[in-house]
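Could you put together the complete structure from these sequences and hints?
In this note's numbering, the protein residues as written are 2 to 933.
Since the hints were made in silico from the structure, they are not lab data.
Incorrect hints may have been included.
Quick list of the computed label-pair ranges, beta carbon to beta carbon [unchecked claim]: (1) Arg-285 to Asn-428: 23 to 33 Å; (2) Asp-632 to Asn-849: 21 to 31 Å; (3) Thr-14 to Pro-913: 25 to 35 Å; (4) Leu-709 to Phe-593: 16 to 26 Å; (5) Lys-349 to Glu-369: 22 to 32 Å.
Think about it this way: if two alpha-carbon atoms lie no more than 27 Å apart in a straight line, the pair counts; the simulated BS3-like pairs of lysine-lysine are [said to hold, decoys possible]: (6) Lys-206 to Lys-184; (7) Lys-526 to Lys-172; (8) Lys-109 to Lys-121; (9) Lys-382 to Lys-410; (10) Lys-172 to Lys-480; (11) Lys-7 to Lys-19; (12) Lys-410 to Lys-110.
Just so you know, even glycine gets a beta-carbon here, dropped at the ideal spot from N, CA and C.
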Amino acid sequence: MTDYKKTLNLPQTSFAMKANLAQREPEFVKRWQKEGIYEKIRNSRAGREKFILHDGPPYANGDIHLGHAVNKILKDIIVKSKTLSGYDSPYVPGWDCHGLPIEHRVEKKIGKAGVKVDFKAFRQQCRDYAAKQVEGQKKDFIRLGVLGEWNNPYLTMDKQYEADIIRALGKIIENGHLQKGFKPVYWSVVGGSALAEAEVEYQDKTSFSIDVKFAVVDQSALKAVFGAEQTSETAYVVIWTTTPWTLPANQAVSLNAELDYALVVAGDESYVLAEALVESVMQRSNIEDYRIVGRAKGSDLEHLKLQHPFYNRQVPVILGDHVTTDAGTGCVHTAPDHGGEDFAVSQKYGIETLNYLDDSGIYRANVEIFAGEHVYKVDEKVIDVLKEHNALLCEGKIVHSFPHCWRTKTPLIFRATPQWFVSLTKNNLQSKVMNCIDDVQWIPGWGKARIESMLANSPDWCISRQRTWGAPIALFVHKETQELHPKTPELIEEVAKLVEKDGMDAWFDLEPSALLGDEANDYQKVTDTLDVWFDSGVSHYAVVSRRENLSFPADLYLEGSDQHRGWFQSSLKTSLAINEAPPYKAVLTHGFLVDSNGHKLSKSGDNAIPPQEVLQELGADVLRLWVCATDFSGEMSASKEILKRTADSYRRIRNTARFLLSNIPDFDPAKDLLSTDQLLSLDAWAVARTAQLQTELRKDYDSYQLHLLYQKLHNFCSVELGGFYLDIIKDRLYTTAADSLARRSAQTAVYWIVEALVRWIAPVLSFTAEEIWAALPAVENRDDTVFTAEWLELPQIDADMSYWKTISNVKTAVNKVLEEERNAGVVGGGLTASVTLYAEGEIFEAINKLEEELRFVLITSAASILPLSEAANNAKDTDIKGLKVLVSKASGEKCVRCYHVLEDVGSNSEHPEICPRCITNIDGQGEVRKFA
RNA sequence: ACCCUAUUAGCUCAGUGGUAGAGCACCGUCUUGAUAAGGCGUAGGUCCGUGGAUCGUUCCCACGAUAGGGUACCA
Numbered sequence: 002m003t004d005y006k007k008t009l010n011l012p013q014t015s016f017a018m019k020a021n022l023a024q025r026e027p028e029f030v031k032r033w034q035k036e037g038i039y040e041k042i043r044n045s046r047a048g049r050e051k052f053i054l055h056d057g058p059p060y061a062n063g064d065i066h067l068g069h070a071v072n073k074i075l076k077d078i079i080v081k082s083k084t085l086s087g088y089d090s091p092y093v094p095g096w097d098c099h100g101l102p103i104e105h106r107v108e109k110k111i112g113k114a115g116v117k118v119d120f121k122a123f124r125q126q127c128r129d130y131a132a133k134q135v136e137g138q139k140k141d142f143i144r145l146g147v148l149g150e151w152n153n154p155y156l157t158m159d160k161q162y163e164a165d166i167i168r169a170l171g172k173i174i175e176n177g178h179l180q181k182g183f184k185p186v187y188w189s190v191v192g193g194s195a196l197a198e199a200e201v202e203y204q205d206k207t208s209f210s211i212d213v214k215f216a217v218v219d220q221s222a223l224k225a226v227f228g229a230e231q232t233s234e235t236a237y238v239v240i241w242t243t244t245p246w247t248l249p250a251n252q253a254v255s256l257n258a259e260l261d262y263a264l265v266v267a268g269d270e271s272y273v274l275a276e277a278l279v280e281s282v283m284q285r286s287n288i289e290d291y292r293i294v295g296r297a298k299g300s301d302l303e304h305l306k307l308q309h310p311f312y313n314r315q316v317p318v319i320l321g322d323h324v325t326t327d328a329g330t331g332c333v334h335t336a337p338d339h340g341g342e343d344f345a346v347s348q349k350y351g352i353e354t355l356n357y358l359d360d361s362g363i364y365r366a367n368v369e370i371f372a373g374e375h376v377y378k379v380d381e382k383v384i385d386v387l388k389e390h391n392a393l394l395c396e397g398k399i400v401h402s403f404p405h406c407w408r409t410k411t412p413l414i415f416r417a418t419p420q421w422f423v424s425l426t427k428n429n430l431q432s433k434v435m436n437c438i439d440d441v442q443w444i445p446g447w448g449k450a451r452i453e454s455m456l457a458n459s460p461d462w463c464i465s466r467q468r469t470w471g472a473p474i475a476l477f478v479h480k481e482t483q484e485l486h487p488k489t490p491e492l493i494e495e496v497a498k499l500v501e502k503d504g505m506d507a508w509f510d511l512e513p514s515a516l517l518g519d520e521a522n523d524y525q526k527v528t529d530t531l532d533v534w535f536d537s538g539v540s541h542y543a544v545v546s547r548r549e550n551l552s553f554p555a556d557l558y559l560e561g562s563d564q565h566r567g568w569f570q571s572s573l574k575t576s577l578a579i580n581e582a583p584p585y586k587a588v589l590t591h592g593f594l595v596d597s598n599g600h601k602l603s604k605s606g607d608n609a610i611p612p613q614e615v616l617q618e619l620g621a622d623v624l625r626l627w628v629c630a631t632d633f634s635g636e637m638s639a640s641k642e643i644l645k646r647t648a649d650s651y652r653r654i655r656n657t658a659r660f661l662l663s664n665i666p667d668f669d670p671a672k673d674l675l676s677t678d679q680l681l682s683l684d685a686w687a688v689a690r691t692a693q694l695q696t697e698l699r700k701d702y703d704s705y706q707l708h709l710l711y712q713k714l715h716n717f718c719s720v721e722l723g724g725f726y727l728d729i730i731k732d733r734l735y736t737t738a739a740d741s742l743a744r745r746s747a748q749t750a751v752y753w754i755v756e757a758l759v760r761w762i763a764p765v766l767s768f769t770a771e772e773i774w775a776a777l778p779a780v781e782n783r784d785d786t787v788f789t790a791e792w793l794e795l796p797q798i799d800a801d802m803s804y805w806k807t808i809s810n811v812k813t814a815v816n817k818v819l820e821e822e823r824n825a826g827v828v829g830g831g832l833t834a835s836v837t838l839y840a841e842g843e844i845f846e847a848i849n850k851l852e853e854e855l856r857f858v859l860i861t862s863a864a865s866i867l868p869l870s871e872a873a874n875n876a877k878d879t880d881i882k883g884l885k886v887l888v889s890k891a892s893g894e895k896c897v898r899c900y901h902v903l904e905d906v907g908s909n910s911e912h913p914e915i916c917p918r919c920i921t922n923i924d925g926q927g928e929v930r931k932f933a
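The structure is reproduced here in structure tokens:
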């Protein structure tokens, strides 16, 4: 037997079938860094329109988890797709470096600042620690294939950045939005600092629930108000509280002016309670025998004097709207030190705070009975004292959600302290912020409602912290008047210059006289630090506006939906306060990760998926493909199984590319590329379909509908290419002469497809795309990376799309009959079969058009079309109306070269084993194909 | 407690007021010239539940379940 195999053009490529991503990817990473791919991209886009995706800085602590990976991959996909669209889209990654968690880590290592180690050394340790964390995370992000300015990221602890934080504060002051305030704020007793709303999270907590009696000083006056008889019972106003520890600071009891209050007699005591709550209070106090002896409005009781339950102190009854009958007694224990509403209502009555607690939650020495006690542990003692004083009506426990510090996870208290605020009311900041929401595109749309409702009832933003590892509130206040220095803007700039040079220690080390001269004695240096949300919130100022290659406002912020309350909000507020404009044109959010049961993905539990493991087992491209395939507008489910499925579809895409590449090893586009009018009909269709799909995919990239893009891409590879086009053209690619028109036409289409495909997948399957890119046929001026490329300009072809759609349907119909006959044992593979089609009308015309080439489309050894009226009795019906198919075993010998079974195999004695078509392809002119 | 979002085949996702779609996976089969591949075919769903409006609904409305998120909670 002659070895005709050598005369075939079988697929041939060095592009490996096995991806081996875990090994291969790091090599690409190395190469990209060595060759400065990111810089090359920048050069290639110099002068182009910008698209700025501004990176939200992750906190520089701990290894990256899957959520980080998702976020960075999404950003990278978008930046790369914009680059393919021709934009100059620089990406500057950032890190959030100041703040409590790092401080805690360092404290554990070397002890508390100011106690075991001095502040400066402590800050240096924090700085070193953060820098180390940044390096670790950076390595992982780079490994994911994320391209960016990794050698020049922004860190909120950079000297430049720290200086700009101070300058940003200066701008906010100049625009009149800063306010010094003394009011209760969330206070972390573990952290020893104030917190902002955004740092609070609610968790369930078991608290005491007690009803406490406040004896009325003037018993007869009270009874008169209630119109009750002057009897011997002692009257008490009863309050309910879940925070016994706040009772030492009680300064008043609040009633609602409009509510009806009842005087209830039980035994030898009587109680003032909101009438609506009498029953519930009596019930929980186990008092069955009681009667209401009088009624009064809250307003009638104003200024009534009460005896504090255990201190020698008289407190007044005051009125406030915050008192309701939802719970409690209708009489509210009021401690202006420890409650926002308490503070507000107390101010109206001129009641001052007491400041009984120190920063770590311990009662000061001057507090009777409780000096030295910690608030977390004092509740029981307070209750004992109440009992001793016969002031406890009822005692129980309650589970309720309660504010906790989201960093230390400890319960918070409210504590009135002097703090700095960005006021939402001064200079209409609130309305400015609200008004600009419409100017921003929120994706998905509900993001807008979210941010709106959040901002609508957002209180003044407490930006001061009493911590060590934070940017300083670099201000001088007058010792007497507490007013800011009149030259604050100038001073701020001077401080900023110093900080720019030496970092924020420049402020902490600063001798006031160096800047203030003789005035130094009158002024006090503020030692508070800034909320870290302020740090990251001014990145639009310190990075986007500051860096030359970026421009304000950013086109896109892209973070998890939790950042509505975090970074989106803090950035919006500071930007309005500084620039009177929003920092972003659009805000895109993604959901959180859940497992396949829809449960939250933990960082360490059973369903944890460390990205490092995924990289090791499946590779970054598989992870990236999963990100792309998942609809990120809601929760994103991840599991081992889902990732495995993703790996399957990765292989399909990879193999499609490989097959395309393997069929053009001898194709030189400069010489062999056919013009569109030379293409066979089917090949023209393939190119046109590719162009059509490219339009759709670009639209999906632009609207960030990556999961739709994934579906389309995958379908294209499986259905249109694998199941139809590529399957059909194999015969032509393999058997016709290497340089024949028939083959070059197919190769031209294949070439266009792979050139387009490599670009489509580049933003997502970055490593694989780069690998494909290297395997593409050489063309002049081809860059050595796919990432500087733009979308492929495909030739415009006016192909008859519906015609080939019809043919494809016919092929499917024929396949079904073939399968039936295969199962019946009549035929084996397609090439062992001969088919006769019977049709009429348009279908007949369509099929008939293919003439002798019908068999190549159907991939059978013989195929013919006859009018439906001539249909044989045993022809089978198909899904297509008016189409019948008769399948029979192909007769003749199998051509050892093209595998078709034909009668005329061996008709040439020189080539007894092959068919005439093959003979002409080897020795003669080569066969002519017109359609497929 | 309130608000938002999601719930369609084992998985990922489309979709429509008129008897449910794709790809993958599964299973069967062919192929062995994409071979740790590829082709073909079969099978898979009370479209979360209940009630309502409608001639009719998976799609509209109400209530509820599950999941996720958000506001509130501070007396």
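Query raised in the report: Can you list which hints this structure breaks, lowest number first?
Result: 1 and 2
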